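There are 2 protein chains.
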Amino acid sequence: MALIVKKFGGSSVANAERVFNVANIITKDYAKGNDVIVVVSAQGDTTDDLIEKAKEINPNGCSKREMDVLLNAGEQISIALLAMAIEKLGYPVISLLGWQAGFNTDSHHGIARIKNINTERMKAELDKKKIIIVAGFQGISKYDNLTTLGRGGSDTSAVAIAATMNAQKCQIYTDVDGVYTADPRKVKSAQKLDEITYDEMLELATLGAQVLNNRSVEMAKKHNVELEVLSSLEEKPGTIVKEKVKMEKTLIRGVAKDTDVAAISVIGLNNNPGIAFKLFNALAQKNISIDMILQSVGRDGTKDITFTVNRPFANEAIEAIKLFSDNLEFSDIKCDSDVAKVSIVGAGMESHPGVAAKMFEALFDSNINLRMISTSEIKISVLIDENYADKAVTAIHDAFFN
Amino acid sequence: MALIVKKFGGSSVANAERVFNVANIITKDYAKGNDVIVVVSAQGDTTDDLIEKAKEINPNGCSKREMDVLLNAGEQISIALLAMAIEKLGYPVISLLGWQAGFNTDSHHGIARIKNINTERMKAELDKKKIIIVAGFQGISKYDNLTTLGRGGSDTSAVAIAATMNAQKCQIYTDVDGVYTADPRKVKSAQKLDEITYDEMLELATLGAQVLNNRSVEMAKKHNVELEVLSSLEEKPGTIVKEKVKMEKTLIRGVAKDTDVAAISVIGLNNNPGIAFKLFNALAQKNISIDMILQSVGRDGTKDITFTVNRPFANEAIEAIKLFSDNLEFSDIKCDSDVAKVSIVGAGMESHPGVAAKMFEALFDSNINLRMISTSEIKISVLIDENYADKAVTAIHDAFFN
Chain A
40 MALIVKKFGG SSVANAERVF NVANIITKDY AKGNDVIVVV SAQGDTTDDL IEKAKEINPN
100 GCSKREMDVL LNAGEQISIA LLAMAIEKLG YPVISLLGWQ AGFNTDSHHG IARIKNINTE
160 RMKAELDKKK IIIVAGFQGI SKYDNLTTLG RGGSDTSAVA IAATMNAQKC QIYTDVDGVY
220 TADPRKVKSA QKLDEITYDE MLELATLGAQ VLNNRSVEMA KKHNVELEVL SSLEEKPGTI
280 VKEKVKMEKT LIRGVAKDTD VAAISVIGLN NNPGIAFKLF NALAQKNISI DMILQSVGRD
340 GTKDITFTVN RPFANEAIEA IKLFSDNLEF SDIKCDSDVA KVSIVGAGME SHPGVAAKMF
400 EALFDSNINL RMISTSEIKI SVLIDENYAD KAVTAIHDAF FN
Chain B
40 MALIVKKFGG SSVANAERVF NVANIITKDY AKGNDVIVVV SAQGDTTDDL IEKAKEINPN
100 GCSKREMDVL LNAGEQISIA LLAMAIEKLG YPVISLLGWQ AGFNTDSHHG IARIKNINTE
160 RMKAELDKKK IIIVAGFQGI SKYDNLTTLG RGGSDTSAVA IAATMNAQKC QIYTDVDGVY
220 TADPRKVKSA QKLDEITYDE MLELATLGAQ VLNNRSVEMA KKHNVELEVL SSLEEKPGTI
280 VKEKVKMEKT LIRGVAKDTD VAAISVIGLN NNPGIAFKLF NALAQKNISI DMILQSVGRD
340 GTKDITFTVN RPFANEAIEA IKLFSDNLEF SDIKCDSDVA KVSIVGAGME SHPGVAAKMF
400 EALFDSNINL RMISTSEIKI SVLIDENYAD KAVTAIHDAF FN
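Residue numbers (the working numbering), protein chains in the order written: chain A, 40 to 441; chain B, 40 to 441.
Everything labelled a hint here was simulated from the structure, so no lab data went into it.
Computed from a prediction, not measured in an experiment: that's the story for all the values here.
Keep in mind that the hints are not guaranteed to be accurate.
Any copy, or any two copies together, can satisfy a pair, since identical chains are not distinguished.
Cross-link-like lysine-lysine pairs, in silico, BS3-like; alpha carbons within 27 angstroms at most [claimed, not checked]: (1) 67 - 208; (2) 275 - 231; (3) 430 - 225; (4) 397 - 167; (5) 181 - 162; (6) 67 - 103; (7) 181 - 154; (8) 261 - 361; (9) 92 - 127; (10) 231 - 94; (11) 260 - 285; (12) 67 - 231; (13) 231 - 283; (14) 181 - 397; (15) 92 - 317; (16) 227 - 127; (17) 231 - 285; (18) 283 - 430; (19) 103 - 275.
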């Protein structure tokens, strides 16, 4: 008898047939004697349809408070339908909205953070032997206003319940059957991983692998919640995400690409101390995150600094720097959006100095030029032309996994 | 400075254009310095669409608790959109779900009764000078489960707020511009009434005029809330519903038909005392309401009893009587569904004995046979063949209003 938390995304409950498919997965585990709490997202395109309705009213953006009221309706519909399907199968079940499940958040509408979960109601329903269906993505502020947790919020809801309720595991059901060494739609030789560490998963998530939302992995790591990523369409084991995994033959765990990147170069900065601080402070004040950084000193004694940001923030970053140009002398500023970041991730690479060489050799053999390089203990990223991103991923993947 | 409660039905907010039309009506009254609380139903066909989704999951009927969770989403969407439209017009506004507005109900899912309204939040928002948009039809039980108030529930929500908050008036906006002496789509000479009493409105609502929901009129009468039925499409005065109205020239206030009727005849009952009691007790135990009753004694000393019920309950009523047939001897039971009830309503008829004669004369002139008659202080109803219902309404209306 264990508590299992399961999370199903919007495509898994997109229509009545899929809802029953999910209901069968849930009741099978319940019938084995487990307690089951399920977190579910809004059906298929519901959230997009609701956003469209809001845009018809105000194309310039409605207030986030009312947007949260509107979007909460999406998950409300899916929990009711899933609970109805489980009732039809003859099992005891109850649906709970975010606030009913005790999700207390701050008041940052649209991107609220969970402050705590009051587990009283969920515990009472488990005591009554009910399967619990919780609306993901939802919370409530201390002023009794509905909130939402932002993108990927349902993953976060599921991990938060697993952590707070001490679940044995948290299963994230998707339309792929696990975490792969590369995107299986692009790289034929991509292999499914049996296990991966939180840190590796975090790097992969950050680097563009869209299986799990970053915040949920961070939370799982912090509370040591064992995650499993698996398919809602085929019944087979997925990928386990946990603190330590047994070493495998391969040195790296995966190859990922991120094309949502822009490189900004500030050229001809005078070479005084504190110049980098001033530059990045200007960006920090606008809440713009930077990723890779390259600094070079030219022969005339001026500096060039190139850095990458998420592509949608590129213009804002340039504006922020120009605003500070009184304090910051430079001759030119350039933005390059046709770039991609390709990365390898693996806890094993630290102790194997040949990993970077092998990656660069694969790129060299494919005639791909490296514009920037950045490394951490468990990853190496390179910035290349966007056109070559898929070719680079395949070349690197083949070098390590063939 | 007065508090005005306004209620808009689903067709009034069916799309973005209509939402802005409603937003304009609301902000116009607010701009005059009034406090405004608005109750709104689910958009257009939303509720039907949600019911359809539930039927796909379980055609035999889902649990009422989960049905309430599902249906609550409809009003949630419309309050958010209406609030967004009012924001866009530049006015301060907040949407509140039923539970946020303080609607505490009993636990009868699908047909919950309001126990009380905790007005704390609404008062706080009015103090902040906000227009309040409340989701009609919704409540919450003491177990923190969402409930719905049943058919016409948004009218009830609006009147309940008006009563509890001591509003100056409660305006019910519909797609007709008031209460008419007969259905204006069917009877050309139908006239709009300036005023009508609660009792008359109650009779008309019960008798098939679908302008106002019965429960909301009862509540308005009990708390002496002045109602106004008016159009959301044209700006002009509607019909005022209140305790006493000035007498008009006409003796009756309106003619209505109800085709949702079946007549059941129990034939050849032995003529013992208590036989009617036994019969109607059998129906009461199944919670079946009866309306008109006719008892006749035949030459052989047996009794026939004919009564009317709402058509959807006819089969259930027959089953209930057959179940009691051990205690209740009779020779036959018949059901006639091709009947309609046509009624006239008016507080003036009590003191004018000629009213019934005038009604029956009009029916006689049209060759329409009366099967049953029932009367109260302010109404006379006759049961006729359903085929003649519209003809009867027109004939009676012309007799009194031309």
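Hints, one by one, checked against the model:
1. Taking the closest pair of Cα atoms, residue 67 and residue 208 come within 27 angstroms of each other only inside a single copy of the chain (16 angstroms); across copies the shortest separation is 56 angstroms, beyond that limit.
2. In this homomeric assembly, residue 275 and residue 231 come within 27 angstroms of each other (Cα to Cα) only inside a single copy, at 12 angstroms, whereas the closest approach across copies is 69 angstroms.
3. Taking CA atoms no more than 27 angstroms apart as the test, residue 430 paired with residue 225 passes inside one copy only; the shortest distance there is 9 angstroms, against 73 angstroms between copies.
4. In this homomeric assembly, residue 397 and residue 167 never come within 27 angstroms of each other (Cα to Cα): the closest approach is 57 angstroms inside a single copy and 65 angstroms across copies.
5. Both within a single protomer and between protomers do residue 181 and residue 162 lie at most 27 angstroms apart by alpha-carbon distance, with minima of 22 angstroms and 18 angstroms respectively.
6. For the identical chains of this complex, residue 67 and residue 103 are inter-copy neighbours only, at 25 angstroms across copies versus 39 angstroms inside a copy, given an alpha-carbon limit of 27 angstroms.
7. In this homomeric assembly, residue 181 and residue 154 come within 27 angstroms of each other (Cα to Cα) both inside a single copy, at 10 angstroms, and across copies, at 25 angstroms.
8. In this homomeric assembly, residue 261 and residue 361 never come within 27 angstroms of each other (Cα to Cα): the closest approach is 39 angstroms inside a single copy and 68 angstroms across copies.
9. For the identical chains of this complex, residue 92 and residue 127 are inter-copy neighbours only, at 14 angstroms across copies versus 32 angstroms inside a copy, given an alpha-carbon limit of 27 angstroms.
10. In the homo-oligomer, the alpha carbons of residue 231 and residue 94 never lie at most 27 angstroms apart, since the shortest distance is 40 angstroms inside one protomer and 39 angstroms across protomers.
11. Proximity of residue 260 to residue 285 under the C-alpha cut-off of 27 angstroms is restricted to the intra-copy arrangement: shortest distance 17 angstroms within a copy versus 75 angstroms between copies.
12. In this assembly of identical chains, residue 67 and residue 231 lie within 27 angstroms of each other by CA distance solely inside one copy; the values are 25 angstroms within and 62 angstroms between copies.
13. Proximity of residue 231 to residue 283 under the C-alpha cut-off of 27 angstroms is restricted to the intra-copy arrangement: shortest distance 18 angstroms within a copy versus 79 angstroms between copies.
14. In this homomeric assembly, residue 181 and residue 397 never come within 27 angstroms of each other (Cα to Cα): the closest approach is 53 angstroms inside a single copy and 65 angstroms across copies.
15. Proximity of residue 92 and residue 317 under a CA criterion of 27 angstroms is satisfied in neither setting, with 43 angstroms inside one chain copy and 57 angstroms between copies.
16. For the identical chains of this complex, residue 227 and residue 127 are neighbours neither inside a copy (41 angstroms) nor across copies (50 angstroms), given an alpha-carbon limit of 27 angstroms.
17. Taking the closest pair of Cα atoms, residue 231 and residue 285 come within 27 angstroms of each other only inside a single copy of the chain (15 angstroms); across copies the shortest separation is 82 angstroms, beyond that limit.
18. In this assembly of identical chains, the alpha carbons of residue 283 and residue 430 never lie at most 27 angstroms apart, being 32 angstroms within a copy and 83 angstroms across copies at closest.
19. For the homomeric pair residue 103 and residue 275, neither the shortest alpha-carbon distance inside one copy (40 angstroms) nor that between copies (36 angstroms) is at most 27 angstroms.
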